[in-house]
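Asker: Here's the letter readout for the chains.
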Amino acid sequence: MPDIRPEPQYATLEQQADVAVFGMWIFLATEVLFFGGMLFAYTVYRGVYPEGFAEAGRHTKIVIGTVNTVILLTSSFVVAWAVHLAERGRGRGVAVLLGVAALLGTVFLGLKGFEYYQEWHEGLVPGLRFEETGPHAHAMELFYLLYFMMTGVHGFHVTIGIGLMATMAVRAWRGAFSSAYHTPVEITGLYWHFVDIVWIFLYPLIYLVGRSGG
Amino acid sequence: MTATSPDRAVTARPAAQPPNYLTEGGSTLRSWLLTHDHKRIAILYALTITVFFFFGGAAAAMIRLNLVTPPGIFAADTYNRLFSIHGIVMVWFFLIPSIPNTLGNFLLPMMIGAKDLAFPRINLLSWYLFVAAGVVALFAVIAGGVDTGWTFYTPFSTMYSNSYVILAISAVFISGFSSILTGLNFIVTVHRLRAPGMTWYRLPIFVWSNYSTAIILVLATPVLAITLALLAVERLLQVGIFDPALGGDPLLFQHLFWFYSHPAVYIMILPGFGVISEVVPCFSRKPIFGYKFVAWASVSFTAVSFLVWAHHMFVAGMSVYAALVFSLLSYIIAVPSAIKVFNWTATLHKGWISFDAPMLYALGFIGLFTTGGLSGLFTANLAFDVHVTDTYFVVAHFHYIMVGGMVSAYFAGLHFWWPKITGRIYHEWWARIAALLIFVGFNLTFFPQFILGYLGMERRYHSYPPEFQFWNILSSAGASILALGYVMPLFYLTWSLYRGQRAGANPWAATGLEWTTPSPPPKHNFDKTPTVTRPPYQYRPEPEPQDAQGHA
Ligand code: HEM
Ligand SMILES: [Cu+2]
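Here the protein sequences line up with chains A and B, keeping their order.
Residue 207 in numbering that gives the first Met the number 0 sits at position 208 of the first sequence; the count goes up by one each step and never skips.
Residue 428 in numbering that gives the first Met the number 0 sits at position 429 of the second sequence; the count goes up by one each step and never skips.
Heads up, none of these hints are tricks.
Covered, in the sense of this in silico footprint (three residues per stretch, anywhere, with C-beta under 8 Å from a C-beta of chain B), are these stretches of chain A: (1) 5-17; (2) 35-44; (3) 113-127.
Examples of chain A residues toward chain B, derived with CB under 7 Å: (4) F21; (5) G22; (6) I25; (7) F26; (8) T29; (9) L32; (10) H137; (11) E140; (12) L144.
Derived from the structure by calculation, the hints contain no laboratory data.
By construction, the Cβ of each residue, glycine as well, lies at the ideal position given by its N, Cα and C atoms.
The following block holds chain A by itself, in its conformation from the complex (with noise of 0.2 Å):
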């Protein structure tokens, strides 16, 4: 087992694994904020231009945007246990699971580029290639401008945390963790489900919502 000593301004590696969980949780805070304020500029205009958000959100690509939640509370799931196993310092088994949850981002990523290319081919993709017409033109551009942003902004952070759980899953596969130390594991964990929780919002407000009441 490797020999892990705390970095010179924390007394014990506890207070080290307490005050990186503690540091991610205050980014995390911000985060919200983060995409506070394109839930909040998504709010204001929905209540500005109903009729044109329903109706644009009527051409929202419903399937894959259910398959894809889906498979990102699968990966949620994976690395819930990931973590538990990295609590008993399995190694080996984190590192499979976390293989695989950033698989599973990696497909959600990949529907995800489908969707967009779909997007791209009927025109709804504001400023660059925008075919709508009719009155609610503009509140559907606005609403597509929005829906990019969010679940671009979205598809960024799950990059991020693919990338994050492959390389603790490298890690954890070379033994760098102990039942002692896997604090990295356990913030990448924390990461991970906010990624998930961000869409579990953004899923009602971007393919529920014009469907509802028709």
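Given the coordinates of chain A, work out where chain B with the ligands should sit on it, guided by the hints.
Answerer: Below, chain B with the ligands without anything else, positioned relative to chain A:
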């Protein structure tokens, strides 16, 4: 040292200095640029923001030069660029990082008995982000200039302004990440790395105020970031988010922008409060009056500051009722400010006051901040605000708070902790002269602007009706005195590095953990992690006797 403080032990050139953060770890450029030591990073920040301060100051000088005569010497467009450079640099690259990233970075871990910040590498990263942001900003203003002012109001910034807006926004966006990371580091450090016995109510006020600032940084900056991102997208893709001509809503921008920028005002002033709360007790030799009130006043700023943003938008087309609510809430924010000012004056009352340079700057702060704050009550008043909005009254108001307040506080802190940071003492007489020049110069520059504003001179115009010229000349004359005052420390502080006397651990006979370690401090601050047994500010009228090393 000085006649008023014969008690302060100054050791005359000891044989050799013990190893300290400046000598340990090498003095190569590389050892500085890759350092993880919060003290060295603080110095990197200090050097960078000094450059920005004088860059922004040069733009201010040209603005004042232009306003000496009514037609002005610059074209309107040049003038617009000048005040935009000035505002952008001063707000984003001087005021916001000034105290937290320099003095805060240096002192916060020492004040709580920690060896470093919680995340030293992230600390270094945030400096690099800051420098990168600064380079982008300077490139934007030099390559093409920006004429939107520091607020980037839409639709002007998205539709009409020249194309360097996106670059300037990116700079602010990047520097925002630097702020967030610093804030995160501070919060975690204060929560988790306090020395044994350092309870919350034993924290120096400087720590409380930087902690509160950190919370605002972490919670408000992301909203700004996303607002700027929306702005950039609107500009790039020409989709109406904020621009009414494209079906967007300019008020949304203002709501989002001020949701950040009003709290940002407290990012700019709270750390200043912290400095003053250290300096005033030390030079009055009294514990700070009402410690808990002062501490909680810092925190309540944080809370209230998120509720009052819309007082910047009274004339932007809000409903009357909303305006009334925000006007009322804005009065509430005067309460913690008043608590602070009251507590400082109560601390001064019957104190054993000595007028050393840090104290002169601090007293200047109290006077100027109070003036600025009172004028703020005028602008929070709905009827009056409508009269003075976008006039020089507002310019005077925020300069009293931000320049008279924050810059004075920064100087007070710089002079107070200079011996700790460098191990040297500067020439007290020159420091006092500079403090006085700054105070006089400042008032001469900005008081006339209250009058100009009241008379109706509008801001952001390169020319004005001739009847305003008298007050403008006065203001520009004051600005040159002020500039002299700001340049002086550059010389006597630099001089002290080579010729100044050695300071000893505690030249001001101050309380506080940072004074228990040698000056300059060793690499990990304390040879042995201290255990805290006393509340802060245990000052007595007579300073405690000290041995030659300055240890109490
Ligand atoms: C020598 C001292 C200074 C002078 C003479 C000066 C003068 C001015 C003037 C004339 C304006 C333009 C007002 C307008 O037309 O709207 C201005 C704006 C501003 N100043 Fe200063 N200033 C000085 C120092 C500072 C400092 C030290 C700071 C911050 C640390 C600062 C922050 C600002 C800000 C934020 C604005 C708003 C810019 C905008 O409207 O976009 N100033 N200043
Ligand atoms: Cu405000």
